Each structure stands twice: as structure tokens, then as C-alpha cells.
Amino acid sequence: MSISLRGVSKQFGEFAAVTDVDLDVPSGALLALLGPSGCGKTTLLRLIAGLDSPDRGQVLLDGHDATAWPIAKRKVGFVFQHYALFRHMTVFENVAFGLRIKARRERPSSAAITQKVGALLELVQLSATADRFPSQLSGGQRQRVALARALAVDPELLLLDEPFGALDAQVRHELRRWLRRLHDELHVTSIFVTHDQQEAIEVADHIVVLRGGRVEQVGAPGDVYDAPASDFVHRFLGQVNEVAVTRRDGRAYLGPMDITEAMSRRSIGSAAAIALIRPHEIEIGHSQEGWPATVLAVRAIGPIVRLDLAAEARPAPVLLEAEMSRERFAAAALQVGDSVTLQIRQWQVYADPT
Amino acid sequence: MNAALREPPRGGTGNIWLTLAALSFLGLFLAVPLIVVFSEALSKGAGAYLAAITNPLALAAVRLTLLVAAVSVPLNCIFGIAAAWAIAKFEFRGKSALLTLIDLPFAVSPVIAGLVFILLFGNNGWFGGFLMRHDVRIVFAVPGIILATIFVTFPFVARELIPVMQAQGKDDEETALSLGATGWQTFWRVTLPNVRWGLLYGVLLCNARAMGEFGAVSVVSGHIRGLTNTMPLHVEILYNEYNIAAAFAVASLLALLALLTLAAKSYLEWRQPELRRAPTQARSHGRTLRERS
Numbered sequence: 001m002s003i004s005l006r007g008v009s010k011q012f013g014e015f016a017a018v019t020d021v022d023l024d025v026p027s028g029a030l031l032a033l034l035g036p037s038g039c040g041k042t043t044l045l046r047l048i049a050g051l052d053s054p055d056r057g058q059v060l061l062d063g064h065d066a067t068a069w070p071i072a073k074r075k076v077g078f079v080f081q082h083y084a085l086f087r088h089m090t091v092f093e094n095v096a097f098g099l100r101i102k103a104r105r106e107r108p109s110s111a112a113i114t115q116k117v118g119a120l121l122e123l124v125q126l127s128a129t130a131d132r133f134p135s136q137l138s139g140g141q142r143q144r145v146a147l148a149r150a151l152a153v154d155p156e157l158l159l160l161d162e163p164f165g166a167l168d169a170q171v172r173h174e175l176r177r178w179l180r181r182l183h184d185e186l187h188v189t190s191i192f193v194t195h196d197q198q199e200a201i202e203v204a205d206h207i208v209v210l211r212g213g214r215v216e217q218v219g220a221p222g223d224v225y226d227a228p229a230s231d232f233v234h235r236f237l238g239q240v241n242e243v244a245v246t247r248r249d250g251r252a253y254l255g256p257m258d259i260t261e262a263m264s265r266r267s268i269g270s271a272a273a274i275a276l277i278r279p280h281e282i283e284i285g286h287s288q289e290g291w292p293a294t295v296l297a298v299r300a301i302g303p304i305v306r307l308d309l310a311a312e313a314r315p316a317p318v319l320l321e322a323e324m325s326r327e328r329f330a331a332a333a334l335q336v337g338d339s340v341t342l343q344i345r346q347w348q349v350y351a352d353p354t
Numbered sequence: 001m002n003a004a005l006r007e008p009p010r011g012g013t014g015n016i017w018l019t020l021a022a023l024s025f026l027g028l029f030l031a032v033p034l035i036v037v038f039s040e041a042l043s044k045g046a047g048a049y050l051a052a053i054t055n056p057l058a059l060a061a062v063r064l065t066l067l068v069a070a071v072s073v074p075l076n077c078i079f080g081i082a083a084a085w086a087i088a089k090f091e092f093r094g095k096s097a098l099l100t101l102i103d104l105p106f107a108v109s110p111v112i113a114g115l116v117f118i119l120l121f122g123n124n125g126w127f128g129g130f131l132m133r134h135d136v137r138i139v140f141a142v143p144g145i146i147l148a149t150i151f152v153t154f155p156f157v158a159r160e161l162i163p164v165m166q167a168q169g170k171d172d173e174e175t176a177l178s179l180g181a182t183g184w185q186t187f188w189r190v191t192l193p194n195v196r197w198g199l200l201y202g203v204l205l206c207n208a209r210a211m212g213e214f215g216a217v218s219v220v221s222g223h224i225r226g227l228t229n230t231m232p233l234h235v236e237i238l239y240n241e242y243n244i245a246a247a248f249a250v251a252s253l254l255a256l257l258a259l260l261t262l263a264a265k266s267y268l269e270w271r272q273p274e275l276r277r278a279p280t281q282a283r284s285h286g287r288t289l290r291e292r293s
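Same order as they appear, the protein sequences are chains R and W.
Counting from 1, one number per residue, gives the positions in the first sequence under the numbering used here.
Counting from 1, one number per residue, gives the positions in the second sequence under the numbering used here.
One should not assume that every hint holds.
[As the list claims (entries may be wrong)] Far from chain R, some chain W residues (derived; all Cβ distances over 10 Å):
no.: 1; residue: 13
no.: 2; residue: 29
no.: 3; residue: 42
no.: 4; residue: 53
no.: 5; residue: 54
no.: 6; residue: 82
no.: 7; residue: 96
no.: 8; residue: 176
no.: 9; residue: 259
no.: 10; residue: 264
[Said to hold, decoys possible] With a Cα cut of at most 30 Å, we get these calculated DSS-like pairs of lysine-lysine:
no.: 11; chain 1: R; residue 1: 116; chain 2: W; residue 2: 170
no.: 12; chain 1: R; residue 1: 75; chain 2: W; residue 2: 89
no.: 13; chain 1: R; residue 1: 75; chain 2: W; residue 2: 170
no.: 14; chain 1: R; residue 1: 73; chain 2: W; residue 2: 89
no.: 15; chain 1: W; residue 1: 170; chain 2: W; residue 2: 44
no.: 16; chain 1: R; residue 1: 102; chain 2: R; residue 2: 73
no.: 17; chain 1: R; residue 1: 116; chain 2: R; residue 2: 75
no.: 18; chain 1: W; residue 1: 265; chain 2: W; residue 2: 170
no.: 19; chain 1: W; residue 1: 89; chain 2: R; residue 2: 102
no.: 20; chain 1: R; residue 1: 75; chain 2: R; residue 2: 102
no.: 21; chain 1: R; residue 1: 73; chain 2: R; residue 2: 116
no.: 22; chain 1: W; residue 1: 89; chain 2: W; residue 2: 265
no.: 23; chain 1: W; residue 1: 170; chain 2: R; residue 2: 73
no.: 24; chain 1: W; residue 1: 95; chain 2: W; residue 2: 170
no.: 25; chain 1: R; residue 1: 102; chain 2: R; residue 2: 116
no.: 26; chain 1: W; residue 1: 170; chain 2: R; residue 2: 102
By construction, these hints were calculated from the structure, which means they are not laboratory data.
These numbers come from a predicted model, not from an experiment.
Heads up, the beta-carbon is just placed ideally off N, CA and C, and yes, glycines get one too.
One chain only, chain R, in its complex shape:
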């Protein structure tokens, strides 16, 4: 099912949760609504589901204006952050719920229900727990029951609110990959809400970054990561170093580097500006060229080595964090206190937001 939002706004009292959102989700997509808490992502999900109705704007499902449709008519499966399993029913009955409540002429036979629920429990790898109650399951299992229950009514759209938010790191990682595989198998248009950029990048094939109830950027994970539309998106998707752009004689500099041209490409003019640099875009070497710096600290745990650097600047040195692979770190033979030179491979300038 394809989804289009046209100028959708929603207010709770004085608080504008979602403002003028336009969005197109192609059929079969797996899309992440990404943003910090309070950015309106859950509200947007509920507006698409029909759990809330927008104050202004339209929700189109497969091109039909569904703004006034009740949730039942929208054919959506909604999975709540805390799963909302019916605690007085077994796992089997939870999954069967959507089938058992159908009107008599649409209701499958008891045998068909048993078969379908069995197949769904197999899909979510929970066949062995059919007779247990939700309180006897782990967080990851509950999540999968909630998903199976939503899938039982053959939704054309799957909506997941912070699907991995309440799980511990290990389970979360496994479940992410599992959800990605499941989507590749079922091809149900799916939208999930997350505040975890890593999760969005790993799982989704489209990312919508939200900020203060507005869409900040839409795109494929790689595009959003490599070409952030704003300093907000740049900061939100991964680590960044922030360096103030300095000016001398009408020209702009990032450290010793003349970046006047890039500044005018961004049409920032003479306003205060910052450059954002991801830690892995800082190359550390011993050449004559580059930005002189001192190694302050080294944290060599796992495959990535992180270094704290103090780059020369006036009035005070700039603190930077850099990342490199363990192999490169070993080859460069860096130690705390070393004087080094830095090459900035990639950076972006933005007008200073403060």
C-alpha cells in the first residue's frame, strides 16, 4: 500500500506535534521515521494508522483519501512500543484475536484459524510458546508475538512504534536483522519509528528525519548520511566534531584550510559558520602539510581506535575526536603526546545555528 501525506498537522493543546508534513511512501517500502523524542514521529505514525486524526491535511492510502477512515478500514497492523499484548490470553489466542472477532461470514473456520496462527508463530519462531501467557515471555518474544498478531489480519501496511526501544542491546541487534529479512520476505509496506540513527540506517530503505514536528530530510540511508540537508541531520546521524569557521582578510578557514569557495557554494556569506566533521573523515599523519595537532588520548578497544586530538587554533586549541581502523592505527604507530598533522577528507559547513 502506498501512503501520501498532504500538509498534515496535529496539535495537542498548545503543543504543535506535527506541522505541515508532506510525505510519499511507495508501496513495499521499509521506512524509518527518525528523530529525537518530542519530534512528532509517534504522532505521525498514529495519524497514518488512524488512531488520531489530523487537524489539517490529508492522509491518502493507495491514492484514496483516507483521512476520515477509522483504523479498521485502513488495513493497518499497529505494533505498540510496549507491545500491548492481551495479558489474559495465551500467545495463541493473542495471535488469533483478529481472526476470531471477524463477522461470522468472514470468519475463517476454527481449523483454518489454528493453521494460520500456527504458520504465523512459526514465522516469528515462537511455535513452542503458543500456550504461554505474555507474562511468561521475554521482551524479544513479546515483540514477535505482537508482530504475529498484527500480521494475522493480513495488513497492507505495518506500523511499528519504537519496535526495539524496550529491548536490551543484544536482542535488539538480532531482532533488527530479523525484521529486515521478514520484510524482504513479506513485502508489506512498513513504517517504524525510532530515535536510534544506527537502527534506521541498518534496517530501513528510506529514512525520514523529523525535527520539531516537521520533515527535515527524506532519502535513502546512504544519501541522508553522506549529504545531510542541515547541521541537525548531520549531527543526528552519527558522531560529529564541530569546528568554528575562522575568518582572516575576507577569507574563511577551517584550521589552515581555505574554504571560502565552499562557503560561497553554501551561500553562507559572512555570517558566523561552523564545520561538521565525522570522526572517521580525519586522517592522521606526519607529513608537513595539514593541520598541526597533538594526540591527547587513545582508546583502542575493538576494531575501531578512537583518538582525542588537540588541533592548533587561536585563541584555544580545538578538541577533535578521530577514528581509524586498528590496522591503520598500528601502521601509523601513534602514541599519546605525538605531534601529528591532520587532513580533513570530508566536511560540511553550515550557518551557525546558535
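Following the hints, complete the assembly by docking chain W onto the known chain R.
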């Protein structure tokens, strides 16, 4: 819930003294009167006890009390569920006004509640003339007693259910709706089973109060023996006639009801630990504000 967190810290002689003080207070004000009721009831022997409670007037009082409870408890149950459902699951204007109204019977003296019904439905009351013309008796008759009882026991079910429902939030209901359930299906299959223990608890308290209510019923009843005398009123009449043993015999039935209620209440609390939390505490856990991100 973690059992270790729930238990108060142990140790120290202070605890022993506090416990002793609480126990002796309870003993003095609750256990001793209870013992007195039963010993006085049986003071003239088991034969006199049986005679007192099988006396036709006593039986009539028992029947009336049961009838009043049988009508008022289900009505308050329906009202309580409806009010709690509305308050816990929806946002609407006048919500706090409704909450205040529900608490009104707790705030008003039962005698005043009874008087209100006299002023409304008595011969000289607002609707008195109308009722007389149509030959309907409310005050000094069974309908008045039922009305007064409903008024007094109004808050019990609703007050018990509101915190439970608020703590559970709306996610379950919204899930059911998203799976295609109708409003009724959602209520019967999801909401009601989720609050069944809280509901039973509320019904129990409501029933105990309905059977034991004295003040409001006393005002509207008219004390017509065999017709408008409930058990508490019958106890008073017997006592005023210096028929002490008989009075305590009937009173012992009410005391027995209280003990049964307490036993059932403990059983429910054991079944459903959530009920053990004080309503105010449960309310603060409840997600009354919309959680949105």
C-alpha cells in the same frame, strides 16, 4: 514487581513497638467489638439466637436488605464501569467535574442524602404532588430505600476501576481496534477481562456498604416493620426495645458479612497484587497524559 523492593527494611526494636502499637489499637477498636457482637448474640443460648434470626420480622429485614443490594449493586456496577471507562480512556470537557460528582456521596453525610430524597419525593417535596396523583410511593417505601442506597454506594465501583484502567492505558484497546474489533468486542474481550479483579473488588465493597447502610436508609425508610426495615434498621429497633440478645443476633449476621467481605478482599488482593497499591499511587503510575514523541 520486585518483592525485595516492596518489603520494608527489617531490624531494629522500633519496628516491634510500632507493630505492637498498631496491633493493640486494631485489637481494641476492631477485634474486641467483634467478639462482643458474637458473645452477646449467643448470651442466651443457641436456641434464642436461632429464634431471633428466624423471627418473621427479622427474615423480612434480611429479604429487604438482599433485595436492595441485588438492585443497587448491579446498577452501580454498570454506572461505575461506564464512568471509569469514560474517565480513564477518553479526554473530554467536564471530566474533572464528573470525578468530583462521583466523589460527592463520600463527602455528603448519609443523613443529608436521605433528607434530599424526602425533599424531592416526599408528600411535600418537589415531585410529591405528582407522585401522589399517580399513586406512586417512593419515600417510606422500598424504592426510596433503593434510591438512597444507590446514592451512598455510587462511588465504590468507579473509584476502584479508574486507577486500574488509567494504569493500563489505551494501547490494548487501540490494538484491538486496529485488528478490526468493534467497540463492544473491544470492551467485552479486552477491557473487561483486564479489569475483572478490580471490578470484583469494587463490587464487593459496594455490596458490603449497600447491605450495611444505615443513615440514608433510616431517613427514607419510615421504619415500617416487615415492610421497610432493612437489617441495620431492624438491629436498631430491637436494641431500642431492650431486646439486646436479638439485636446482637441480627447484628452478627451483618458482622459475618463483613468478615466474609474481608476474606474475599484478601483473596482478591492475593490473586491480583496490583490492587494492593493505594489508588492514589496507582493513579500517579497511570498514563493520564499522552506520551508522545
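Here is what the structure says about each hint:
Every beta carbon of chain R lies more than 10 Å from that of residue 13(W), the smallest distance being close to 40 Å; the non-interface claim holds. Remark: the non-interface label on residue 29(W) is consistent with the geometry, its nearest Cβ contact in chain R lying 39 Å away (cut-off 10 Å). The non-interface label for residue 42(W) is consistent with chain R: the shortest C-beta to C-beta separation is roughly 45 Å, beyond 10 Å. The Cβ of residue 53(W) sits about 41 Å from the closest Cβ of chain R, beyond the 10 Å cut-off, so the non-interface label holds.
Listed as outside the interface, residue 54(W) is consistent with that label: its C-beta sits roughly 44 Å from the nearest C-beta of chain R, beyond the 10 Å cut-off. Non-interface status of residue 82(W) relative to chain R is upheld: no Cβ of that chain comes within 10 Å, the nearest being about 21 Å off. The beta carbon of residue 96(W) is kept farther than 10 Å from every beta carbon of chain R, the shortest such distance being approximately 15 Å. With a least CB separation of 7 Å from chain R, residue 176(W) falls inside the 10 Å interface cut-off, contrary to its annotation.
Separation of residue 259(W) from chain R is adequate, the least Cβ-Cβ distance of about 30 Å exceeding the 10 Å criterion. Look at residue 264(W): its CB is around 20 Å from the nearest CB on chain R, clear of 10 Å, so calling it non-interface holds up. For the proposed pair residue 116(R) and residue 170(W), the alpha carbon gap of about 28 Å is at most 30 Å, so the pair holds. A distance of roughly 23 Å separates the Cα atoms of residue 75(R) and residue 89(W); the hinted pair therefore holds under the 30 Å criterion.
Distance hint between residue 75(R) and residue 170(W) is fulfilled; the C-alpha atoms sit about 20 Å from each other, no more than 30 Å. For the proposed pair residue 73(R) and residue 89(W), the alpha carbon gap of about 22 Å is at most 30 Å, so the pair holds. At roughly 58 Å between alpha-carbon atoms, residue 170(W) and residue 44(W) are farther apart than 30 Å, so this suggested pair is violated. Of the pairs offered as hints, the one joining residue 102(R) and residue 73(R) holds, with about 13 Å between alpha carbons and a cut-off of 30 Å not exceeded.
With a C-alpha separation of about 18 Å, the suggested pair residue 116(R) and residue 75(R) falls inside the 30 Å cut-off, and the hint holds. A C-alpha spacing of about 27 Å is found between residue 265(W) and residue 170(W), which places the hinted pair at or below 30 Å, so the restraint holds. As the CA atoms of residue 89(W) and residue 102(R) are separated by approximately 24 Å, the hinted pair is consistent with the 30 Å bound. As the CA atoms of residue 75(R) and residue 102(R) are separated by approximately 13 Å, the hinted pair is consistent with the 30 Å bound.
About 22 Å separates the Cα atoms of residue 73(R) and residue 116(R), which keeps this hinted pair within 30 Å; it holds. Pair hint residue 89(W) plus residue 265(W) holds up; C-alpha atoms about 26 Å apart against a cutoff of 30 Å. Simply put, residue 170(W) and residue 73(R) have alpha-carbon atoms about 20 Å apart, close enough for the 30 Å limit, and the pair holds. For the suggested pair residue 95(W) and residue 170(W), the alpha carbons sit about 17 Å apart, so the restraint of at most 30 Å is met.
Between the alpha carbons of residue 102(R) and residue 116(R) the distance comes to roughly 14 Å, so the proposed pair stays at or under 30 Å and holds. Restraint check for residue 170(W) and residue 102(R): satisfied, since their Cα atoms lie roughly 21 Å apart, inside the 30 Å limit.
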